[in-house]
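Peer 1: Sequence:
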Amino acid sequence: MVLPTLVERSLSMLGYPAATHGVLNRRFESMDLNIAPSARISIGCLLRRQVELGPHTRLSRGCVLDGDVTIRKRTNLEPNCDLVGEVDIGKYCAIARETKFQQTNHKTSKPSMQIRFYDEVLDSELPPTADGPITVGNDVWIGTRTTILSGVTIGDGAIIGAGSVVTDDVEPYAVAAGVPAERIGWRFPEDVRERLLELEWWDWDEETIRENRAFFERELHGTDDLVAVR
Numbered sequence: 000m001v002l003p004t005l006v007e008r009s010l011s012m013l014g015y016p017a018a019t020h021g022v023l024n025r026r027f028e029s030m031d032l033n034i035a036p037s038a039r040i041s042i043g044c045l046l047r048r049q050v051e052l053g054p055h056t057r058l059s060r061g062c063v064l065d066g067d068v069t070i071r072k073r074t075n076l077e078p079n080c081d082l083v084g085e086v087d088i089g090k091y092c093a094i095a096r097e098t099k100f101q102q103t104n105h106k107t108s109k110p111s112m113q114i115r116f117y118d119e120v121l122d123s124e125l126p127p128t129a130d131g132p133i134t135v136g137n138d139v140w141i142g143t144r145t146t147i148l149s150g151v152t153i154g155d156g157a158i159i160g161a162g163s164v165v166t167d168d169v170e171p172y173a174v175a176a177g178v179p180a181e182r183i184g185w186r187f188p189e190d191v192r193e194r195l196l197e198l199e200w201w202d203w204d205e206e207t208i209r210e211n212r213a214f215f216e217r218e219l220h221g222t223d224d225l226v227a228v229r
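Position 21 of the sequence shown, counting from 1, maps to 20 under numbering that gives the first Met the number 0, and the rest follow consecutively.
Possibly wrong hints are sitting among the right ones.
[What the hints assert, rightly or not] Per label pair, the in silico range of CB-to-CB distance: (1) G177 <-> T107: 21 to 27 Å; (2) D190 <-> D130: 31 to 37 Å; (3) V164 <-> T128: 14 to 20 Å; (4) P110 <-> G177: 31 to 37 Å; (5) T107 <-> W140: 29 to 35 Å; (6) R144 <-> R209: 33 to 39 Å; (7) D204 <-> T143: 15 to 21 Å; (8) D223 <-> V178: 36 to 42 Å.
Source of the hints: derived by calculation from the structure; they are not laboratory data.
By construction, the Cβ of each residue, glycine as well, lies at the ideal position given by its N, Cα and C atoms.
Use the sequences and the hints to build the structure in full.
Peer 2: Structure below.
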């Protein structure tokens, strides 16, 4: 059963209050919401199908999550981001406004590519195609109006420049930009990158993070800056 537009609009205006989640899951087979109590959803957002929001996640106004979407701990989505299809975003990510995650594509091997044509004229279906899920690691910053396409993996700590179109994987701690996006640099030297990936600080509990305040407040120029961690 498809969620009625009236209900969608009402929930969007209310910001999906926690009290509605269980009711939605029982009433509408197409809905599967797993939203942490500390997650915050601004008005004007739309959640469809399977959506999981981790602790302290933030969705700003006008975000659309439509598919099998997971957003992990303390990740922020700024206004008007669209996530369509199978998308998994890690912890502590910063996703700038109007970023688009497009995991599904139109099928191009038939005479028409329009889904509506098959639905309304032929009373048939044109299933979407995909090259695989979109996976974003932890501590990733994606700039304004970036588009991430099907099958892409963006590694931990990467930066994607504003306005990019990401068609291929991006390595951990790479800085990538352009259409299509290409690596233009690194955040840190190789030895620092390797050590950060070993530390996986994003998996620490928040007490441990606070105990290592000095680590997070220093600039990293070499592995000597990482000695005192934990």
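Peer 1: Now tell me, hint by hint, if it's right for this structure.
Peer 2: Here is what the structure says about each hint:
In this structure the supplied range 21 to 27 Å holds for G177 paired with T107, their Cβ-Cβ distance being about 25 Å. A beta carbon spacing of about 33 Å between D190 and D130 agrees with the range 31 to 37 Å that was offered as a hint. At roughly 18 Å, the beta-carbon separation of V164 and T128 lies within the given 14 to 20 Å, and the hint holds. At about 34 Å, the beta-carbon gap between P110 and G177 stays in the expected band of 31 to 37 Å.
Under the hint 29 to 35 Å, the C-beta atoms of T107 and W140, about 33 Å apart, fit the expected range. Checked against the given bound of 33 to 39 Å, the beta carbons of R144 and R209, roughly 34 Å apart, stay inside it. In this structure the supplied range 15 to 21 Å is violated for D204 paired with T143, their Cβ-Cβ distance being about 32 Å. Evaluation of the 36 to 42 Å hint for D223 and V178 yields a pass: the beta carbon distance comes to about 38 Å.
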